[in-house]
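**Q** I would like the entire structure built from these sequences, with the hints used as guidance.
Residue numbers (our numbering), protein chains in the order written: chain A, 563 to 837; chain B, 563 to 837.
Among these hints, one or two may not hold up.
Taking lysine to aspartate or glutamate pairs in the EDC-like style, the calculated list, with each CA pair at most 20 Å apart, reads [what the hints assert, rightly or not]:
no., chain 1, residue 1, chain 2, residue 2
1, B, K772, A, E781
2, A, K745, A, D600
3, A, K798, B, E734
4, B, K597, B, E634
5, B, K597, B, E734
6, A, K798, B, D783
If you only want the chain A side, here are some residues facing chain B, beta carbon under 7 Å, derived [said to hold, decoys possible]:
no., residue
7, L621
8, G721
9, N765
10, G768
11, L770
12, L784
13, I787
FYI, nobody ran anything at the bench for these hints, they're computed from the structure.
Heads up, the beta-carbon is just placed ideally off N, CA and C, and yes, glycines get one too.
The chain contents come next:
There are 2 protein chains.
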Amino acid sequence: MPNITVAFQGVSGAYSELAAADYFGKRVKTKPHVKFADVFRAVKAGRVTYGIIPIENSLAGSVHQNYDHCLEHRVWIIGEKKFRVSHSLIVNRGTKLGDIRRVYSHPQALAQCSTFIGKLKKAEAVSYFDTAASAKYVAEAGFKDAAAIASAQAAKHYGMQVLRSRVENKAENFTRFLILAKKPQYPKTSAGSKSSIVFALKNVPGALHKALSVFAIREIDLLKIESRPIPGSPWKYLFYLDFSGSLRDERCVLALEHLGEITTFIKILGSYRAG
Amino acid sequence: MPNITVAFQGVSGAYSELAAADYFGKRVKTKPHVKFADVFRAVKAGRVTYGIIPIENSLAGSVHQNYDHCLEHRVWIIGEKKFRVSHSLIVNRGTKLGDIRRVYSHPQALAQCSTFIGKLKKAEAVSYFDTAASAKYVAEAGFKDAAAIASAQAAKHYGMQVLRSRVENKAENFTRFLILAKKPQYPKTSAGSKSSIVFALKNVPGALHKALSVFAIREIDLLKIESRPIPGSPWKYLFYLDFSGSLRDERCVLALEHLGEITTFIKILGSYRAG
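**A** Set out below in structure tokens:
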């Protein structure tokens, strides 16, 4: 796939870039972007073939801003990738464990490695806006008394050294990524497929229960529900729903028609193979 | 109420402190704490009478870490306060609008005031970990070329000046705060009351729909649903649910008994007057 390009947010060595290589194979060209919104825009404008964004971490929860972006930008979810996140403690060559006074990383990564960092008696955790960028920072500053927590690939990319691998508290650290494209690619069958929608409910009693009923009565499994505020309408919510099945399957199409009777708004985000 | 103390997270002038004054009246003594978890611990240990924490903003959404804290700490929700957040641009005395090169505040506050900041041609937005603390910082550093975005009360507290009021993009900016106590205080009647619970579902088809049915069949309104990951169980969720009614009302008690049939875990977080 020599001409395929994939937009991701972050710098080289970011987990999004590694997940893209896992999903597409290493021959695709990954393109770094500063903001998540930039990834959506690059896909929409056709400047890249695909985009990849994190939507949920198994320890930290949803990446809520990316739910908001899925609503705002007219792009389609065409796949997903569940990626095992493994953090490494990485340093400039020559730095030893006892030299470390500061450990830079994203606050979530620092929290996920709190047990390990706690054992480094002389070191304090310092928040940085991004994991891979914290590695880049330690490399470029040439620190001999600091480390970063990031991917092993970030160490390689910035000419650094992995001092310890798998420094996270819990092994069950997965991030689920969504693959974005300009056009939808609904799977032919429901087996192994899932679909994502977002909707707003009419102001009627038991509206959420009724909304979920349209799936229950058709034995369509709900996989995830996420609520987000509607700006300008305090204490009213948009619901993001993942359910099993493809939107080429009539059962799913009928469920959405039925859902339309109790919603003020529905947007289909995509139908795709489950990761 | 001279002996009542209320723990909040942040520094003097924080919106949490203002919301506490609004809820309890100005005679209560507010006690600043560094972390949200410290507020929960102070309540649990009886070091303060009450705690106050933000749970949701009408533009930015839920404060997810405080949902997690509600699960972890054995304290009770005994009230709520919906507080209108109004941001001010505050400076050290003598600083004029044209002098401002940097505007410090929490990233969410900066985002909420992006239109106003965008019109300050020479100024850039600088992220700070807290709104009131950004005011404190500008005051203590004595900057003549910087401003903070925080409450008008923060300006007063740190001897600063409000240069512009209501600099937020949208007027509908409310934060909902929860009042925490060591013991529950269930309201006598369901009218005007709400209850909050958290539960995990059995692994059965249509489990979430069935869970919501126990409320629907009793005509109990659902007010909010929020899902959070279960650490160590990727892609399984805890559900936080707010519903109308008091847990002194038999209808609500029966609904929770019924819910127990399809959950592996339920915790009651509290029953209280709706704000």
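**Q** What hints, given by number in increasing order, does this structure fail?
**A** Violated: hints 5, 8 and 9.
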